[in-house]
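Peer 1: Going down the list, the protein sequences come from chains U and S.
Numbers given in the numbering used here equal positions in the first sequence, counted from 1, plus 240.
Numbers given in the numbering used here equal positions in the second sequence, counted from 1, plus 14.
In short, the hints are calculated from the structure, not lab data.
Quick list of simulated restraints, FRET-style, between CB atoms:
1. 300/U / 86/S: 29 to 35 Å
2. 386/U / 25/S: 50 to 56 Å
3. 114/S / 386/U: 33 to 39 Å
4. 394/U / 25/S: 52 to 58 Å
5. 120/S / 344/U: 45 to 51 Å
6. 156/S / 396/U: 39 to 45 Å
7. 183/S / 394/U: 56 to 62 Å
8. 307/U / 269/S: 56 to 62 Å
9. 246/U / 138/S: 33 to 39 Å
10. 317/U / 101/S: 45 to 51 Å
11. 307/U / 118/S: 48 to 54 Å
Please read these numbers as outputs of a predicted model, since none were measured by experiment.
Cβ coordinates follow ideal geometry from the N, Cα and C atoms, glycine included.
As a plain string of letters, each chain reads:
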Amino acid sequence: MQELARGFADPVLEAQDVFRAAMRALSRPGRPQRLVTELAPPAPLTPEAAALALALCDYETPVFLDATLAAERAVGDFLAFHTGAPITADPGEARFAFISNPLEMLDFSAFAPGSPEFPDASTTLVLQITGFTGRGLSLEGPGIKGRIGFGAAPLPAGFAARMAANRALFPRGVDLLLAGAGEVAGLPRSTIVGED
Amino acid sequence: MTSHHTGEMPAIRYNFAYLDEQTKRMIRRAILKAIAIPGYQVPFAAREMPMPYGWGTGGVQVTAAVLGPHDVLKVIDQGADDTTNAVAIRGFFEKTAGVATTTATAEATIIQTRHRIPETPLGEEQILVYQVPIPEPLRFLEPRETETRQLHALEEYGLMHVKLYEDIARHGHIATTYAYPVEVAGRYVMDPSPIPKFDNPKMDDCPALQLFGAGREKRIYAIPPHTRVRSLDFEDHPFAVQRFAKPCALCAASGVYLDEVILDDRGGRMFVCSDTDYCAGRQAQGHRGEMAAPAAGQALDVMPGLDPGIHGVPPVLPAQGVDGRDKPGHDGVSDRVGGAGGMP
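Between the sequences and the hints, there should be enough to build the whole structure, so can you do that?
Peer 2: Right, here's the structure in full:
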């Protein structure tokens with residue numbers, strides 16, 4: 241039996257701090273926000289993705305793990321213990337999905353897009369990435385003054401087209417949080433993503 | 015604490031910002047979805063708060079979920095920092111979160127407001143939290159929640175245009191002066207809460223994040239920064255804000271929203287800034303309106319030396335459609351029905 245990695249040292253204030261980073265990220269799409277945590281979750285779950293999970297997930301939010309995360313039993317144990325969230329194998333019923341390998345991620349259509357009456361009942365995807373490049377994609381929409389460049393790696397082929405298909409569902413659709421080292425950026429469904 | 019063996023009640027301790035952590039997470043998830051779908055009303059499980067519905071329970075829950083120990087909180091009620099509702103909510107967060115509070119708009123990181131947007135332009139790092147009595151802009155046109163939800167889903171807002179048209183047919187102009195409906199990011203029609211329509215243009219392309227909380231109705235919605243917010247109108251009856259015939263009687267500011275203050279029972283009245291921080295700031299800079307205390311060096315209270323017996327003040331009549339009501343305090347449902355003109 242492996243020892244369980246610890247959760248937030250201060251659950252109240254750290255959760256607030258991580259939430260504020262996520263809120264700034266989604267209200268200012270494509271602009272990475274500082275997200276610093278001391279968590280040391282089991283690999284391949286990254287500290288930043290773990291911090292978002294501990295701040296936002298609980299028994300009300302079924303969590304989906306991609307194949308690489310699901311293969312590591314310690315990850316599911318860590319999330320289940322610290323958040324109480326049920327781990328689901330069905331991406332369509334997940335409120336949060338954690339993706340450690342964006343290159344092989346499922347199509348957005350596998351996740352819950354919400355309904356026309358309740359578009360908020362949709363999955364938030366947390367993508368673990370290695371870093372932000374600031375170019376490759378162009379973003380416009382709510383939260384963005386004019387148009388900005390954005391890039392992150394790794395992202396799957398045809399990412400802009402996937403985001404465009406997601407945008408076409410608006411107000412339905414999934415929302416993305418991209419968690420890199422010490423940073424998080426948001427790509428909500430409202431953002432119009434183009435190739436730069 | 016010396017209460018262990020004395021039989022006294024122990025001091026009451028609260029979680030940071032009063033709410034329990036699960037409630038905060040639930041509200042935070044609603045806020046994130048609200049930001050992702052600008053103008054859409056996200057249902058949330060609003061809790062009982064230690065204040066009655068109508069006194070800002072929605073705004074308080076949003077503020078409590080967002081607030082951190084480094085935030086500086088400002089609370090206004092119809093523009094004023096010193097009315098009962100504002101003072102009570104500021105005190106609530108001083109007590110339960112120990113955060114710094116301010117009355118200066120520029121110093122605040124979070125501003126909770128009832129029915130005004132401050133005159134001082136907001137910045138990128140600020141968050142404006144609105145207290146909302148009735149979040150559904152179509153509610154007085156269609157009472158059934160199931161129906162209004164369908165109308166939003168179908169982007170069917172003809173009813174609202176009919177209502178505005180009926181205003182024109184009856185009054186010659188759009189007589190809605192507060193809670194004036196807006197379209198957010200080209201999609202959802204949204205109730206901006208009962209702010210005067212004077213404030214509507216400030217919501218458009220605002221650099222601050224705007225969050226709306228309705229406690230009794232259990233809805234949260236949001237406008238991200240730099241989002242297009244358009245007040246509904248017609249080509250031949252374009253949206254226009256209230257104008258005032260004279261500047262503020264205390265600080266001489268023009269282009270700001272003024273409250274009417276009745277001075278006596280002979281028709282005496284004055285118009286002063288509804289934003290007390292803005293007004294006090296201008297007076298501190300030496301600006302003097304026609305009824306301000308004359309000399310510098312005197313106390314700069316918001317309404318210095320107002321003698322209830324003053325009369326013979328020339329009537330200052332504002333232009334059309336000014337909502338000069340000043341009802342600090344709470345929002346009953348009936349607060350909304352009358353002023354918006356002919357409801358079908």
